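There are 2 protein chains.
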Amino acid sequence: MKKKIAIQGIKGSNHYKALTELFDETEVEALECNTFQELVHAVMTGVCEKAVMAIENSIAGSILPNYRLILDHKLQVTAEHYLNISHNLVALPGQGLADLVQVKSHQMALHQCSNFFSKYLHIHLIEDVDTALPAKIIAEHQLTGVGALVPKGSAELFQLTTIAEDVQNNSLNETRFVVVEKQSPTGLEVNKATIQFEMAHEQGSLAKVLNAMAAHDLNLSKIQSIPIPYDIWRYAFIVDVSFSNPMQFQNAFSELSKISINPTCVGQYKNGKS
Amino acid sequence: MKKKIAIQGIKGSNHYKALTELFDETEVEALECNTFQELVHAVMTGVCEKAVMAIENSIAGSILPNYRLILDHKLQVTAEHYLNISHNLVALPGQGLADLVQVKSHQMALHQCSNFFSKYLHIHLIEDVDTALPAKIIAEHQLTGVGALVPKGSAELFQLTTIAEDVQNNSLNETRFVVVEKQSPTGLEVNKATIQFEMAHEQGSLAKVLNAMAAHDLNLSKIQSIPIPYDIWRYAFIVDVSFSNPMQFQNAFSELSKISINPTCVGQYKNGKS
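Protein sequences, first through last, are from chains W and P. Note that full-length UniProt numbering has the first sequence beginning at 1, numbered continuously upward. Note that full-length UniProt numbering has the second sequence beginning at 1, numbered continuously upward.
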């Protein structure tokens, strides 16, 4: 029996594409979740062991609510994967650009394809809560005049035709996905970590932590402030660091425990770019 | 004639509420924009001088795509306002909780009210792209069986009835709005600033900048990594700092210009919490 892995969205979505690039499709199958909350719920209740979750996009930035979900449920990040994002315009077979009256997609996808659509002003852009779902609905209801944006290679899943390929403004568009689980498996090869900590509200306190990390040769690639729930407008910091030797990280994390509040290792994993 | 100020969403939305708390309603009126892109476009093309834009929520965190829009269009933040977020469940007059079959709202609003709805499992939660819009549609089409979540005080705008007040899980829920304009007016009283800068990819480089800020007595309240477009997976940093004297900020910003790349002042304004 194939192992179920939770994704947000349906087959044909970018989450699905990330899943197929991360895992062998002959061994796993997607558990389609409507929302990220549902996806986390599936892992927490043991319906599946792992979930694949978008965490940031190279244009739009971090998806902070997903960080919140990971932290609130004490999930561990055990892998990361960078997916190239391409938007193909699809519709029912036989339909062309001149036939389309509207294109339905997620706000972000429509935004990322604004240059292309500015040349076709007869097409109304309609926001939807999802990207792949409008494609599924077009196919199921055999809707003419309506287009959708799906990742490369997904048109066939819906038996739709690709009208235009790579209609995104910026071809350098990647989404970083993480694999989350309740516990980290042992023996993972790791050279990157995500940590969270809070600071006392003292001037220069964050600088002190970053100085300590630099002293331990950790390379900080990213830092985010994230609100601390029930402690209005106080922030925690989430930091991604990379290192060549896991001991470096252990030593730095020990020191962090002395100079910050509630330090947490959100996960150690292999750099998806290395 | 009343001055138009752009908001995202319609009258009755949280953006509208923020507008009425920031400005005198006898002097201004809302220019309703479907998307944040439209809102920025209205300012850039001179349709209106100012726009009110949500920038972060105390539970969900920063709305990074809005930072991106501000930076891309070189807009200036000239004011900030913190709005208490309350979700009231509304429906057509005469309707009660037992009558509702579905509640339509933005994913974030539904998520923030999950505890309340977990007691009413006969109600299906349907994601929409907006909060106030479903309320408007209920009123216009006289839809029975459907509820929406709107801010306190907005039910009357739609001639709907409030079925339950303050249905959010966490009563400490605020959204920070900013006023953006093409240029900063002169003579503003300021004690807070938002700045953006990039760093060379050297270990400890961010720590160096934060050390310099601390040395100039700037209080760093928030830091975000934001992707640099067309330079995949390199980040810029956006930092909020507060100060008692504008000269402190000027001096620190001069030093920043020497130790960082492309430093930009995104705006100086009055702290909305002071």
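Since the hints were made in silico from the structure, they are not lab data. Note that the structure is predicted; figures quoted are calculated from it, not measured. You may find that some hints are simply not true.
Intra- or inter-copy, both count: the list cannot distinguish identical chains.
[Unchecked claim] Straight-line C-alpha distance at most 30 Å; calculated DSSO-like pairs for lysine-lysine:
1) LYS119 to LYS74
2) LYS258 to LYS2
3) LYS119 to LYS208
4) LYS258 to LYS136
5) LYS3 to LYS136
6) LYS270 to LYS136
Outcome of the hint check:
1. LYS119 to LYS74: Cα proximity of LYS119 and LYS74: across copies only (25 Å, versus 47 Å in one copy).
2. LYS258 to LYS2: neither (45 Å within a copy, 57 Å between copies)
3. LYS119 to LYS208: For LYS119 and LYS208, the Cα distance exceeds 30 Å both inside one copy (51 Å) and across copies (46 Å).
4. LYS258 to LYS136: neither (52 Å within a copy, 53 Å between copies)
5. LYS3 to LYS136: within (24 Å within a copy, 44 Å between copies)
6. LYS270 to LYS136: neither (35 Å within a copy, 49 Å between copies)
Consistency with the previously given hints fails for numbers 2, 3, 4, 6, ordered from lowest to highest.
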